[in-house]
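Reading the sequence shown from the start, the letters are residues 1 to 401 in our numbering.
Errors might be hidden in some of the hints.
[What the hints assert, rightly or not] Quick list of in silico lysine-lysine cross-link-like pairs, DSS-like style, CA-CA up to 30 Å:
(1) K353 x K343
(2) K343 x K243
(3) K323 x K353
(4) K364 x K353
(5) K343 x K323
(6) K165 x K353
(7) K165 x K364
[Stated by the list, open to error] Label pairs and their calculated CB-CB ranges:
(8) S218 x L387: 25 to 31 Å
(9) G82 x G281: 50 to 56 Å
(10) D197 x R160: 17 to 23 Å
(11) F185 x A116: 54 to 60 Å
(12) R194 x L166: 27 to 33 Å
(13) G238 x L177: 19 to 25 Å
Bear in mind the hints are in silico, worked out from the structure with no lab data behind them. Idealized CB from N, CA, C, for every residue including glycine.
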Amino acid sequence: MPTFHYVALDRRGEQRKGLCEAESRAAAYARLQEQGMLPIRLGNAGHAQGRTLRGLLSPGSWHRRIRLDESFYSLGMMIQGGGSLAQSLDLLARMSSGASARFWVRIRDAVEGGQAFSQALRDHPDVVSPVYAAMIHVAEQVGRLGEVLERIARYEEGRRDFREKLLTSLGYPLTILIIGLGAVFFLLSRVLPRIADIVTASAGELSWDTRLLLNLGSWMESWGGLLLLGLIGMVFLGVTTYKRRPSWRIRLDRLIWRLPVVQKGVLARFSGLVSFQIQAGIPLVQALQSSAQGVGSLFFREKMLQAAREVSTGQPLDGVLWKQGIYPDVFLTAISAGRAAGKLGPFLERLGKLLERETDASLKRFAALIEPALILGLGLLVGFLVLAVMGPIFDLTSRVG
Numbered sequence: 001m002p003t004f005h006y007v008a009l010d011r012r013g014e015q016r017k018g019l020c021e022a023e024s025r026a027a028a029y030a031r032l033q034e035q036g037m038l039p040i041r042l043g044n045a046g047h048a049q050g051r052t053l054r055g056l057l058s059p060g061s062w063h064r065r066i067r068l069d070e071s072f073y074s075l076g077m078m079i080q081g082g083g084s085l086a087q088s089l090d091l092l093a094r095m096s097s098g099a100s101a102r103f104w105v106r107i108r109d110a111v112e113g114g115q116a117f118s119q120a121l122r123d124h125p126d127v128v129s130p131v132y133a134a135m136i137h138v139a140e141q142v143g144r145l146g147e148v149l150e151r152i153a154r155y156e157e158g159r160r161d162f163r164e165k166l167l168t169s170l171g172y173p174l175t176i177l178i179i180g181l182g183a184v185f186f187l188l189s190r191v192l193p194r195i196a197d198i199v200t201a202s203a204g205e206l207s208w209d210t211r212l213l214l215n216l217g218s219w220m221e222s223w224g225g226l227l228l229l230g231l232i233g234m235v236f237l238g239v240t241t242y243k244r245r246p247s248w249r250i251r252l253d254r255l256i257w258r259l260p261v262v263q264k265g266v267l268a269r270f271s272g273l274v275s276f277q278i279q280a281g282i283p284l285v286q287a288l289q290s291s292a293q294g295v296g297s298l299f300f301r302e303k304m305l306q307a308a309r310e311v312s313t314g315q316p317l318d319g320v321l322w323k324q325g326i327y328p329d330v331f332l333t334a335i336s337a338g339r340a341a342g343k344l345g346p347f348l349e350r351l352g353k354l355l356e357r358e359t360d361a362s363l364k365r366f367a368a369l370i371e372p373a374l375i376l377g378l379g380l381l382v383g384f385l386v387l388a389v390m391g392p393i394f395d396l397t398s399r400v401g
């Protein structure tokens, strides 16, 4: 059963901290309420232990350390519990720490200065997505701020879990590859030259494979640094050019779009964004436009913005997307069924969860296939190196014997 860490206020208004076991976050919140406490912060206990050196040192990491899922969930609970926005923001800022506390202090000060909550969030697009700010703006107008904040929190939590699954699926194969290449480099640059010196000093003859690897190791020792710098420069130049030339990005994204796992991943995120906005009261055309901006594929973004323009003229969404001819049948069928039933938002929400599960399953299958392939390939390579290293020693031993 999952364990949640909480910060809550008891009946006397004193702060309490602890752990609570429950089937879900909502169940944990209900259990704490039954004990007479008002949760003001509730998060998965495992996440508190999941910080890594990579996340702490990477650029802009202090923005990523602001847990929007926990913050929005706590804020939504306090607002739905009867607290005012200003009081809830002040309490959230005092209960937070580090970068999160500094961020919410700025938001609290902006709101107390007369700025709308959604506008204060819009001033920090590097922390809060403009899509979320638009949803919060509509929620402020219709009086559903707490509900929408909890909806965003659940979506952010799902995204975080999906990213963790992705890193877990790809992390082990990459680790194997790095360790294997490191072993190959060590054998070529350190072990093989010393053995070759011993063999040649004893008037021995090196085999062709040993000579080949010696030449390769010598070349890597002489030019490996320059080669590495050149590769880094090429990657940097390629990434810079890719970012500065949208036409190149669209062409590359068009090629990548043919991969089913890419289609499912992009459509899962898009479906989730659209469904949340529609159910939050945002008009369909605006939801399509803002959700398209929240997806990384420029090719998909261009097509969906074109579809939004056609929908704004009165054309049905499912008909427009059918004409584009780039979407899988499950996506088109869900939109047609949802539109016919008048429940496009719920249909897209279920579709997003389905596509996310399928993407996760595809990544797991890929990892299951790539792991033995990498192990076999690296095993053959290391075996060849070992034979090239040990062969001269065996020859020398046989001659001495």
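Evaluation of the provided hints:
1. Between K353 and K343 the CA atoms are separated by roughly 16 Å; this keeps the pair inside 30 Å, and the hint holds.
2. With a CA separation close to 38 Å, the supplied pair K343 and K243 exceeds the 30 Å bound.
3. Restraint check for K323 and K353: satisfied, since their Cα atoms lie roughly 25 Å apart, inside the 30 Å limit.
4. At most 30 Å may separate the alpha-carbon atoms for a hinted pair to count; K364 and K353 meet this at roughly 17 Å.
5. Using a Cα cut-off of 30 Å, the hinted pair K343 and K323 holds, with the two alpha carbons roughly 22 Å apart.
6. Distance check on the hinted pair: K165 and K353 sit about 14 Å apart at the alpha-carbon level, within 30 Å; holds.
7. Between K165 and K364 the CA atoms are separated by roughly 9 Å; this keeps the pair inside 30 Å, and the hint holds.
8. Between S218 and L387 the beta carbons are some 19 Å apart, a value that contradicts the proposed interval 25 to 31 Å.
9. Our hint of 50 to 56 Å for G82 and G281 is violated, since their Cβ atoms are close to 22 Å apart.
10. Taking 17 to 23 Å as the suggested C-beta distance range, the pair D197 and R160 does not conform, at roughly 54 Å.
11. Restraint check, F185 to A116: a C-beta distance of roughly 57 Å satisfies the suggested window 54 to 60 Å.
12. Restraint check, R194 to L166: a C-beta distance of roughly 42 Å breaks the suggested window 27 to 33 Å.
13. The hinted window of 19 to 25 Å between G238 and L177 holds, with their beta carbons roughly 21 Å apart.
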